[in-house]
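Chemist: Based on these hints, arrange chain F on the given structure of chain W.
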Amino acid sequence: MSEEDEDQAAPPKRPRASPSPPPDQVLDNVLETVLQFLAAPRDRGAASLVCRSWHRAESATRVTVAVRNILAASPARAARRFPNAHHILLKGRPRFADFNLLPPGWAGSAFRPWAAAFASAAFPALRSLSLKRITVTDADLDLLARSLPASFRELSLLLCDGFSSRGLASIASHCRGLRVLDVVDCEMNEEEDDEVSDWVAAFPGGHTHLESLSFECFTPQVPFAALEALVARSPRLHRLGVNQHVSLGQLRRLMALTPRLTHLGTGSFRPGDGVEDQGLDFGQILTAFTSAGRPNTLVSLSGFRDLAPEYLPAIAVVSANLTSLDLSYAPVTPDQILPFIGQCCSLETLWVLDSVRDEGLEAVAMYCKKLQVLRVLPLDALEDAEELVSEVGLTAISEGCRGLRSILYFCQRMTNAAVITMSQNCPELKVFRLCIMGRHQPDHVTGEPMDEGFGAIVRNCSKLTRLSTSGRLTDRAFEYIGKYGKSLRTLSVAFAGDSDLALQHILQGCSKLEKLEIRDCPFGDAGLLSGMHHFYHMRFVWMSGCNLTLQGCKEVARQLPRMVVELINSQPENQRPDGVDILYMYRSLEGPREDVPPFVKIL
Amino acid sequence: MSVETERSSTESSAASGLDFEDTALTLRLPGSSSSDTDRKRASTSDPSCRSPSAAASDSPPSPKYAARVVGWPPVRSYRKNALATAAASKFVKVAVDGAPYLRKVDLTAYAGYTSSTSYDQLLAALQDKFFSHLTFRKLGNQEMKLVDTVSGTEYVPTYEDKDGDWMLVGDVPWRMFVETCQRLRLMKSSEAVNLAPRAAR
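Just so you know, the sequences run in chain order W and F.
According to our numbering, the first sequence is numbered sequentially starting from 508.
According to our numbering, the second sequence is numbered sequentially starting from 1056.
These are computed hints drawn from the structure, not numbers from a lab.
Do not rely on the hints blindly, as some may be mistaken.
[Said to hold, decoys possible] Below are the DSS-like pairs computed for lysine-lysine, each with C-alpha atoms no more than 30 Å apart in a straight line: (1) W:Lys1108 <-> W:Lys639; (2) W:Lys639 <-> W:Lys993; (3) W:Lys1108 <-> F:Lys1200; (4) W:Lys937 <-> W:Lys993; (5) W:Lys639 <-> F:Lys1159; (6) F:Lys1184 <-> W:Lys1022; (7) W:Lys639 <-> W:Lys970; (8) W:Lys993 <-> W:Lys876; (9) F:Lys1159 <-> F:Lys1243; (10) W:Lys639 <-> F:Lys1148; (11) F:Lys1200 <-> F:Lys1243; (12) F:Lys1184 <-> W:Lys639; (13) W:Lys990 <-> W:Lys970; (14) F:Lys1243 <-> F:Lys1148; (15) W:Lys990 <-> W:Lys1022; (16) F:Lys1200 <-> F:Lys1184; (17) W:Lys1022 <-> W:Lys1061; (18) W:Lys1108 <-> F:Lys1184.
[Said to hold, decoys possible] A few chain F positions that, by computed beta-carbon distances, are all more than 12 Å from chain W: (19) Lys1145; (20) Leu1162; (21) Ser1170; (22) Thr1208; (23) Glu1209; (24) Gly1219; (25) Asp1220; (26) Pro1228; (27) Trp1229; (28) Arg1230; (29) Glu1234; (30) Glu1246; (31) Ala1247; (32) Val1248.
These numbers were taken from a predicted model, which means no experiment stands behind them.
Each residue gets a CB set at the ideal place from its N, CA and C atoms; glycine is no exception.
The following block holds chain W by itself, in its conformation from the complex (with noise of 0.2 Å):
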């Protein structure tokens, strides 16, 4: 191993002096500078593998870490790990704590680690920040303000809570060069009327360099005048959301300052009783959508919080150019939709209310064909709840969007032939997921189960990667989904199956299956303990209201050292001795955690 020795096989063990680096070192650059190049977070994984120098390569040059479990890994470890983030990415909460499955404060300080992290500059070339399903307090968003480099730009809170107008005052008054703020489905803090921060006052004077602000989930009022002068001295604003209180013609006002808007959330869409409301009329809002060239620049809206329908059709001038509507607020009805849904010839993305019913879809399958993303969410989430929308819906898209991609179809009742159809018509499908609202409900024309439209959906759609199902389930159609879903990345399932073979078929089957959510199944211990060779390769498993014991968990804790598993239980009172309320699973790098409530018991 002398100096002289060019070439040495294993790497050098100091820097070298000499003029011309050594192969080893011109190896790592070359990787390095190779790999910026790679942007798939499987295949940075996969490069990683390869061996230690392409490890490190790998390593130094991510620049978008996702930990997809915040639990899973440390804050110090992805710093040594990851040096180099600009992107990060943190996901919080399991999905079904939406649904209030979980009891309120199972992981609030998760982020605190994180946000210590960042204010102490453990990823120095930091520049957004996403997080999705956390707790972030105001004092966790007040750190980060105050501490995070000034090269920060963006900040994205998807489905998070914990913190108020306070938090987002810190970081619009100390994130100097913020481009994106994107406050998206949070539940915030409720606040006294007279104690909610002007946030948006509080961005400093001058230009901003504000790209995106979206806070159509803020509840309170937004002071007008503070917006509309912060929009004023946003020049590279092109992503605007506003909350349900903006009006239609502050709306109107907003928009005049945004010739660039590109992505636009509309507000209450209703006129409102204020001095810009003052003689609006329909003309000033069409006018409001053609100028500025928007036909050609605005590709989506979204928004509609209180619609008021005599103005929707003022936005069949920008239809045409636009590649997502979200009407998912707004119970619009079919001979609302029927103005402008003919002119969507490009819209690839469509979120809807059940209100639309299926003549409504009708239409969409008739113009729309470019639709890769459907969802049809329910105007009355009620099992019980009138019928707005059935298999003729579905069939209809199936026939009319050949390229759909993934759909969300909440319904009261399905039948197995429109699902089958729908498997044969679009055979692109990557996300199936139908919600009959009705627990158990069959096919409603045969009264069979609903085990061969969902065996034909995993049969067909080799694309498959994540799939929910509803409705009445024999163990029958999990033979099907674990003998055909070997696609499947994601399965949720509820109310559904006869016994402990369906999730033995399903953990048996879906060899690349990461994330598992079950509830109300009548699933045991057997069932969870045939998935024992698998679970290391999965995200997370979670089971709720299903028939596992103590004993059963202990044995997964036992053999999978790895794996945290938490039993958490969301009704105290309630509990048989043995009996396991909730089974939550994932694995981790650190160990059980230590900031459990009193509810959750780790084994």
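Modeler: Chain F only, in chain W's frame:
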């Protein structure tokens, strides 16, 4: 159109191992054994059992799935609330002494067959929203208390009425309560002694 899927209002939920017929609406005596996955709170009354009209008839007039199960259908409560505000709803702020943040509840979601069940549901919902280790006790003389089982602190639900006075929850018929209530406050029992005695107003 507001939907409240808190654990407060439940019937039998889809129990594991039962087939379709078993999950249809059945009348049970209060206090009868619940299935494993039954999400009924032990202290919450069963509205359909209490209701005299339902008990009298063979097939209850209510639709097949009057039962409400937690988190089903899987629609986020944020979205449900947003759609509900378009319809008739009454959201009031709820404060708990000592808790750092407020919550909102929609009073129209708890309309039950009787005032008593509505109040029960409201309290159970408050319990869910604030702490998972509060239980509520209903004492014989209609007094309601929420107890933090960890610290032992007792809370008494109070509300501010249209005149700005603070009253104890539970005195007036439910509909009148919804009409007059402006905000709710879970007051520590120790401080609630100053409230007007029950007989007043």
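Chemist: Name the hints, by number, that the structure is in violation of.
Modeler: none
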